[in-house]
Amino acid sequence: MVGFILRRVGVSILILLAASFVMFNLVALSTDPLEDLRSSNNPNKQQLIEARIQLANLDVAPPLRWAMWIGGAAKCLIPFANACDLGTTFQGAPVTEVLPIAMVSTIQMVTAALLLAILFGISTGILSALRENSGFDVSFTVLSLFLYSLPSFLAAALLKNFIAIGFNDFLQDPVIPIVVAVIVGVVVALIVQAVVGGDTRRRVTSGGTSFVLTTGLLIYMSVTGWFLTPGFGPVGVILLSAGAAVGVTTLIAGIHQRRALLTAGIVAVAGIISYFALQGLFDVSTFATIGILFVVALAVGFAAGFFVGGDDRGQNMRIGVLVAVIISVIILIDRFMQSFPGYMDDMNGRPIATVGSATPGYAPDNMWRVGLDVFFHLLLPTISLLTISFAGYTRYARAGMIEVLSQDYVRTARAKGMPERVVVVRHAFRNVLIPITTLVATDLGGLLGGAIITEFIFAIPGMGALFQRSLGPGDLYPVMGYFIVIAFMAILFNFLADLAYAALDPRVRVR
Amino acid sequence: MSSTISATPGDVEERSVSQSRIIWRRFLSQKVGLIAAIVLLAVVAFACSAVGLGPIPGWWKYNWYDLSNSVNGGEPTLTLFPFSLGDHPFGQDRIGRDYFAMTMRGIQNSFVAMVLITGIALIVGVTVGAIAGYFRGWVDAVLMRLTDVFIVIPAIVIAAVVGNWAGAVGVWVLGSMLGFFSWMVIARLVRGEFLSLREREFVEAARVAGASDARIIFRHILPNATGVIIVSGSLLAAGAILLEAAISLLGYGIRSPDVSLGLLIGVNQSAFTVRPWLFWWPALFIVTLALSANIFGDALREAFDPRSRRFSRRRTKDRENGIEPGVSAPTTLMDAAAQNPRTGTPTLQDPE
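The listed protein sequences derive, respectively, from chains A and B.
Be aware that the first sequence starts at 325, since it is given in this note's numbering, and climbs by one per residue.
Be aware that the second sequence starts at 58, since it is given in this note's numbering, and climbs by one per residue.
If you are wondering where the hints come from, they were derived from the structure by calculation, not from laboratory data.
Don't take each hint at face value.
Unchecked claim - Below, computed lysine to any residue pairings styled on SDA-like, alpha-carbon distance capped at 25 Å:
1. 88(B) to 466(A)
2. 88(B) to 455(A)
3. 88(B) to 471(A)
4. 740(A) to 471(A)
5. 740(A) to 522(A)
6. 399(A) to 423(A)
7. 88(B) to 459(A)
8. 88(B) to 462(A)
9. 369(A) to 384(A)
Owing to the predicted nature of the structure, the values given are computational and were not obtained by experimental measurement.
Please model the complete structure; the sequences and the hints are all you need to start from.
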């Protein structure tokens with residue numbers, strides 16, 4: 325094992341060196357760093373050219389320049405020395421200062437999209453596989469194939485021109501026509517009945533219920549002007565918390581497990597009490613306060629599971645923590661929504677932004693409005709990235725689940741009388757997760773690479789934009805700074821994926 | 058993916074048929090894949106004939122670079138009821154160029170880029186993979202580390218750098234250059250295939266009979282690896298269309314006065330509210346091209362994958378009821394996607 329790791333590290337370093345050499349020379353040969361100066365009318369043109377040649381060592385041949393650059397980059401490996409030298413941009417800023425700023429922007433944009441894509445993609449894929457060849461399966465198969473073929477720039481441009489402008493216009497007069505409410509209700513009903521499946525009666529009941537609920541809710545929201553003053557309200561929070569408790573218990577332990585249900589119930593009640601108790605604190609809280617409260621919530625969930633205990637203490641603790649997380653998120657969303665009217669006023673009634681990652685010069689002292697500002701700027705890029713990776717995860721999860729469900733151990737589990745929930749969640753789902761883990765690891769490795777095109781269209785100053793902005797004028801060092809970060813991440817996560825695979829699947833041995 | 062296509066019980070009762078025939082029949086049974094292939098070829102043929110290919114002039118009266126007088130304020134003159142093309146069916150761009158000719162030229166360029174990228178990537182990838190997998194040892198180690206070096210650099214990054222260099226010269230150079238940097242996934246797949254095939258008895262037999270390395274590679278192993286090669290090639294093709302579009306959108310690919318679908322969308326997305334047709338026509342065709350290439354690739358993969366039958370319950374039921382399998386094959390496009398992602402299914406996604 326140690327030998328394997330050492331060998332991999334050695335090979336990785338060589339690959340990184342070689343790849344950076346290729347990249348360095350390609351960029352150096354393919355760009356003309358003096359083009360903009362040569363064509364300028366500046367009187368001290370010659371001086372500027374001299375200065376840039378000095379700054380970027382342009383008088384040295386590219387392979388030698390690479391050696392100088394890699395020497396500076398190698399100093400990054402010395403811990404705590406702060407000797408990192410990745411060169412400077414044409415504007416004279418050290419690359420080591422430009423990179424972190426871009427990274428933060430990119431991480432902000434990509435993280436939510438990746439998490440949501442994994443969550444939705446895997447659940448849709450698994451539902452599709454469980455209802456193989458049903459209407460639901462075929463529709464989502466076609467949908468994901470379509471999303472797969474939709475170029476990201478097209479999705480981004482469409483979102484900008486329809487969702488952003490359309491929703492902002494809608495907020496001027498937030499009334500949903502009855503017809504629209506009915507159509508949305510029908511669509512939801514069709515999806516729900518297809519997921520639930522079973523005989524006609526069950527389908528009609530589930531579809532009908534969801535139709536009435538959806539349409540009723542939409543009309544209610546429209547009539548009460550919910551879109552201008554959104555929020556779950558106390559009733560909503562109580563209902564959602566109870567739903568979370570029941571849902572999590574059903575999925576993980578089965579609703580008949582008294583102790584599991586008790587754990588979830590305790591956590592839910594604690595959550596609801598804290599919702600009412602903490603509203604005053606929320607008004608003056610900062611991101612740090614929220615972080616501490618979140619840790620407390622996790623501890624409560626953990627403790628509830630531990631003290632209820634019973635035969636399956638570990639499972640109860642898992643349920644407790646999961647319910648605590650979900651309820652914390654519900655309460656947070658509710659609080660953010662309460663700040664929405666104020667934010668609307670600040671933005672002159674057009675909240676959804678189409679460019680940038682924050683409103684320039686907008687610095688309210690209220691953390692909720694800052695959060696909303698980030699949220700509305702990143703909403704569209706997130707959706708556009710989501711559509712692409714969602715399709716990929718759906719395909720993998722569906723294919724993996726179908727394969728696993730045809731395995732002998734699944735048949736054995738069914739044959740010995742395990743409930744379908746246990747077969748799906750314990751026997752099948754866990755095995756589907758093995759190949760998906762590696763996929764997630766690869767995606768995480770690519771996360772810092774950003775999404776060049778999405779960043780380009782939404783004008784987000786992230787890693788992709790840094791690359792794109794520097795490549796045009798031939799600014800070599802920021803391009804290489806970008807490259808070294810993504811190459812390092814790609815190699816690191818590839819390695820982690822291999823280790824995770826070996827850890828999760830005992831049949832795989834690392835050599 | 059296994060290399061041999063095992064005959065299912067339904068096929069055994071018939072007269073013996075060749076492997077390629079089984080695959081061909083399976084592909085035809087998938088109406089969706091066939092339709093996608095026809096749509097793809099029809100659109101490309103229509104586009105190429107409209108604006109002409111190289112020295113051969115097309116039938117459309119305008120070309121994509123000359124300016125003409127503004128008709129109807131530049132709006133599309135195409136009407137469906139009654140059907141009439143009008144003077145500029147897709148409208149005109151801001152400076153009066155005929156948008157139909159521009160869109161058709163864009164489709165043509167997308168197709169040329171796709172063919173070049175896929176073709177060159179296949180040639181290089183198969184060569185590297187075959188040599189590495191067949192000879193193993195240090196040759197394999199060197200070639201695979203070389204592959205790793207190129208695979209570390211994301212496709213769109215290397216394409217932007219290469220496009221920045223070659224884009225101004227035109228689509229032929231751009232496509233070829235991009236092809237030389239897109240072969241890595243194919244090389245890995247082909248290597249894996251060769252590694253397992255070279256241990257098989259028929260290779261052993263050929264070697265004992267005195268066949269040379271070249272003969273074994275070309276006559277014995279390569280035909281058995283066609284499945285992997287064709288499937289990964291077709292999926293690479295779908296990605297290649299999007300790659301070219303993305304590069305041109307960023308301004309590193311094909312440049313004005315020549316046109317590409319990606320360039321058209323990039324230039325016109327800001328004019329969306331004023332001249333929406335400048336955005337919609339290229340958008341429509343790029344989705345059509347990418348979608349049909351993807352569906353076609355999926356159908357090919359299904360046809361080549363012997364395992365894909367196992368999962369189809371309806372087909373199993375049909376067989377039990379004595380209905381000939383494969384006639385009413387359900388369109389489960391993704392069954393065959395059950396490949397382990399570690400073996401590296403080709404990226405058919407957007408380069409994002």
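To see whether the hints hold, each was checked on the structure:
no. : hint             : result
1   : 88(B) to 466(A)  : 14 Å, holds
2   : 88(B) to 455(A)  : 23 Å, holds
3   : 88(B) to 471(A)  : 21 Å, holds
4   : 740(A) to 471(A) : 40 Å, violated
5   : 740(A) to 522(A) : 23 Å, holds
6   : 399(A) to 423(A) : 16 Å, holds
7   : 88(B) to 459(A)  : 18 Å, holds
8   : 88(B) to 462(A)  : 15 Å, holds
9   : 369(A) to 384(A) : 21 Å, holds
The structure fails hint 4 only (numbered hints given earlier).
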